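Enquirer: Residue numbers (numbering that gives the first Met the number 0), protein chains in the order written: chain C, 0 to 264; chain B, 0 to 299.
One should not assume that every hint holds.
Unchecked claim - To give an idea of the interface, some chain C residues facing chain B are shown, with a C-beta separation under 8 angstroms as derived from the structure:
#1 Ile-11
#2 Asp-24
#3 Gly-103
#4 Leu-134
#5 Gly-171
Bear in mind the hints are in silico, worked out from the structure with no lab data behind them.
These figures come from a predicted structure and were not determined experimentally.
Where a beta carbon is used, it is the ideal one built from N, C-alpha and C, also for glycine.
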Amino acid sequence: MAVADTKVRGAIEIDPNREPIVVVDDLHIVYRVFGAGGKGNAASALSRIVRRQHRPTMTEVHAIKGLSFVAYRGEAIGIIGTNGSGKSTLLKAIAGLLPPHKGGVYTDGQPSLLGVNAALMKDLTGERNIVLGCLAMGMTPAETKAKYQEIVNFAGLKEGFIQYPMRTYSSGMGARLRFAIAAAKTHDVLLIDEALATGDAKFKNKSKRRIEELRKEAGAVFLVAHQLDVVKETCDRVIWVDEGRMHMDGDPEEVIAAYTEATGK
Amino acid sequence: MNETLADYAARHGLRQSAARPPLPKYLKSVWARRNFIWAFASAKNVSKHSDSRLGQVWQVLTPLLNAAVYYLIFGLLLKLSRGVPDFIPFLVTGVFLFGFTQRSVTSGSKSVGDNLSLIRALHFPRATLPLAYAVVELQQLLVSLFVLFAIILAFGEPLSFYMLLFVPILLLQLIFNVGISMVMARLGAFNRDITQLLPFVMRTWLYASGVIFSLPQLMERSDLLKNHAWLGALLEANPAYVFLELSRYVLLGEYRGYVQSTLGVTSVTHLWLLAVGWSLVMLIGGFVYFYRAEERYGRG
Chain C
0 MAVADTKVRG
10 AIEIDPNREP
20 IVVVDDLHIV
30 YRVFGAGGKG
40 NAASALSRIV
50 RRQHRPTMTE
60 VHAIKGLSFV
70 AYRGEAIGII
80 GTNGSGKSTL
90 LKAIAGLLPP
100 HKGGVYTDGQ
110 PSLLGVNAAL
120 MKDLTGERNI
130 VLGCLAMGMT
140 PAETKAKYQE
150 IVNFAGLKEG
160 FIQYPMRTYS
170 SGMGARLRFA
180 IAAAKTHDVL
190 LIDEALATGD
200 AKFKNKSKRR
210 IEELRKEAGA
220 VFLVAHQLDV
230 VKETCDRVIW
240 VDEGRMHMDG
250 DPEEVIAAYT
260 EATGK
Chain B
0 MNETLADYAA
10 RHGLRQSAAR
20 PPLPKYLKSV
30 WARRNFIWAF
40 ASAKNVSKHS
50 DSRLGQVWQV
60 LTPLLNAAVY
70 YLIFGLLLKL
80 SRGVPDFIPF
90 LVTGVFLFGF
100 TQRSVTSGSK
110 SVGDNLSLIR
120 ALHFPRATLP
130 LAYAVVELQQ
140 LLVSLFVLFA
150 IILAFGEPLS
160 FYMLLFVPIL
170 LLQLIFNVGI
180 SMVMARLGAF
190 NRDITQLLPF
200 VMRTWLYASG
210 VIFSLPQLME
220 RSDLLKNHAW
230 LGALLEANPA
240 YVFLELSRYV
250 LLGEYRGYVQ
260 STLGVTSVTH
270 LWLLAVGWSL
280 VMLIGGFVYF
290 YRAEERYGRG
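The shape of chain B in the complex, shown without the other chains (with noise of 0.2 angstroms):
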């Protein structure tokens, strides 16, 4: 018998077991699970707080005491507001969203690590997990949101069409979760330091992304990002900015009427073009760099 058992294997159709399969082949199936990512996510948001005696109730409880922390440290002890109309609703815009994208990388590193059973148990592609905690994240959101309209509309914001644009807001920033949920997925599947690191990279992040102060009126204001136009740039193009400023921009009258009139920022065509390059680039890079490792998930 010259025939190896590889070749007798190849000439019955068999696989190699561990083989991922070819990428429209896996987009394929991922789409087809997209019932369990919802499933998953409601019962992941359900049993979050079932031990809880507040139980869902936290849910809502949650965004308001954030609210209320950087109100109280950077609104009143600090005051920070430095003439930014409608302070109070500027700020929770900004804590709510810039925690959709905070909370969607901590729980995506942690997507594959939590659900090792899961994993090892049933066959199914992995980057339905990463994606379901994504949308964990946006149950969440959408709950946070009805907080912060009741803020904005206590605050004497009027009603208006404008407040529309939000929503392929809030979509460009899902897309872009997905994706760094998807790399942060496969990140901290391989490398447990990570979680460890993260609470350090996400505040630095927060401060960087001007969710406690305008960065318009920064610019206007410091010598340093004068002087140094290329910091500016860099602090512009944060993903995490570029979201919070379209949606304030769109949501709050009175600040939009501040950045135009007071800091002479006349356009935000360019903001828009970064969102959807910024969830483009973070959903398909990210899916596939998760996708690359997926016969390695819960190995070991």
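This is chain C alone, in the form it adopts within the complex (with noise of 0.2 angstroms):
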């Protein structure tokens, strides 16, 4: 029923029997990007500094153009469009890493985003930074203690591997610890950012399983992937985000049967 509720472009309709836990509300993002500038000499810099101009190559991306949902408690939802649409941005500004430039997000809880980038201290072993992680968590030493095996299964990496320093993973490995890590606690709001792409079969069931149990311990996830079974699989929602603007949003198997139908040509 939330589905024909939700499918409307534009205006939002709020179900009023549902408690929501994101709130998007007009969002625009605009990235300055500073590239590297001027002839790159030091006398160009200094006469740049001199006549008190901006960095010459600085432009501003409009990333997203006013896009606004309402996410429910106990969603999951896949965001998919191409290369470029907007979808990382959305993530990190749900985070709150990336300040709004015009609207608002607003959440419950602290939500928490999974990258793709690498280690999360990638001089250190696998083992501390599980330690390390679950304390920065804000789990206690007895809490981490008890969570640690579970953590090792669940990233299940080759033997030994987990007394490495994190930067001799492989980028699947290390994605399967970060994940692991961040999944042994309950989140509010768990933001996964193309997190799980590198992981191979096995793993993306366990994630699937573990995804599936952190949505109903009463949180909501959102998940950004190109693999549109994966989406399709995991996810009881989808947003199809284009040119930073909502394209779509409603059931998976629609929105991903127009997506592809869009893309395949």
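With the hints in hand, could you dock these two chains into one complex?
Expert: Following this line, the structure appears as structure tokens:
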């Protein structure tokens, strides 16, 4: 029923029977991008400062152009779109890592973002990363100890790797360990940005189950992925973002079918 | 529907996702992370030397080499001791304790920038990072202190109860370092030019802090300082000097005797007051300064 309610472009309809956990209100995100400026030598840099110019190649990128939607407790929302459509930017904004240019993002509790970037602390061993990650999330040493084995099992690293520095990990291994650490705690809002893309089939199944559990623990999960089958299997709602605007919002089957048709040609 | 989305969000108790928590709540969450701070510092210390052959030996070797270089140049070549008794313990105390503050400043300025992936991956109060970096330096200093005490004892300094006063001095200096590394953390997070500038600032500070000379002695001899009393007062109010001079005063009996009898300085109460004042002002000021940008760290 919620599907019919939310499949609206422009104006947002609110389901009064459900409890919202993330509200995105006419969100605009504008990036500033700095490039290597001028001729790149000291003299040109100095003359730029003297003349009080801005860095020459600074451009503004309007990545999100007025996006609005409401996410309810217990939802797993997939976000799809072509490269550069603003999916990752949207997640960063929900996590509070990018300040809104206009509009706002309102959440209940603190969202956690799982991205594709490298290790947590790349010079430290997997072991240390687990312990420090758990402590940083606010667990007590006793809780950390109790969760430790569970995280190791979940990450399913090859024998011995847990004692190597994380910079020696393959991208898939690093992503698995990071996901395992972040998933050890219940999050109000968990944002996953392609973090599962590098995992193998076995890990995908495991993480799917974990996402299911996290959802039941009354939070919401956002998933950005290019593998549409993963989105279809894990999510119960899909948002299609195009050029920083909402293109479609609703049932996974329908949205993905429309998306495949639009991009498949 | 008259209600805007923002009102709707407020009605359900949702908050702006990029807002910082109120200060009391923030303090509480920092305190809840005390285990993280200690574990993070220990892990940093272990990994710091993990790819060099001598490994942890460098923790002792670096301060020793530092002291040796300064002794060679200022003690032997320039003969700067000028009647300061036990010049080597005097110099080593200065070099080690100044290094404690110096490294807190430089590493503090990188504490946010070097941990962006952690900041972006997990949510935790960011003030724990400069705090942890100050603890890293404390752990390093504790190792150097063994070297320091070995040198002091080797020069025939008798153990005395007076030395126990070194503990509160060290504590005050640690508090000061925590505060200053928070200030540097915020400056360094938003302005990368700071790291290029810092070595020069720190070197100037080193030469102004009486690491390699005795300020009371200089004030006794220098005409410039005699004619401009405010300059002397300014040098004496320098926090690094305060911590160094107090430490030397309590640790080195010979130097204490020299300052008291030859230079006629009978009381160091004003130094104690300055030490307490500096550390409290720096801690509170630094924490609040860092906290006020909490929601902006790791953005971009």
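Enquirer: Decide, hint by hint, whether the structure agrees.
Expert: Consistency of the hints with the structure:
1. Ile-11: holds (7 angstroms)
2. Asp-24: Holds, because the Cβ-Cβ distance from Asp-24 of chain C to chain B comes to roughly 4 angstroms (cut-off 8 angstroms).
3. Gly-103: Constraint on Gly-103 of chain C satisfied, holds at 6 angstroms.
4. Leu-134: holds (4 angstroms)
5. Gly-171: Because about 17 angstroms separates Gly-171 of chain C from the closest Cβ in chain B, which is outside the 8 angstroms limit, the hint is violated.
Comparing the model with each earlier hint shows a violation of hint 5 alone; every other hint is respected.
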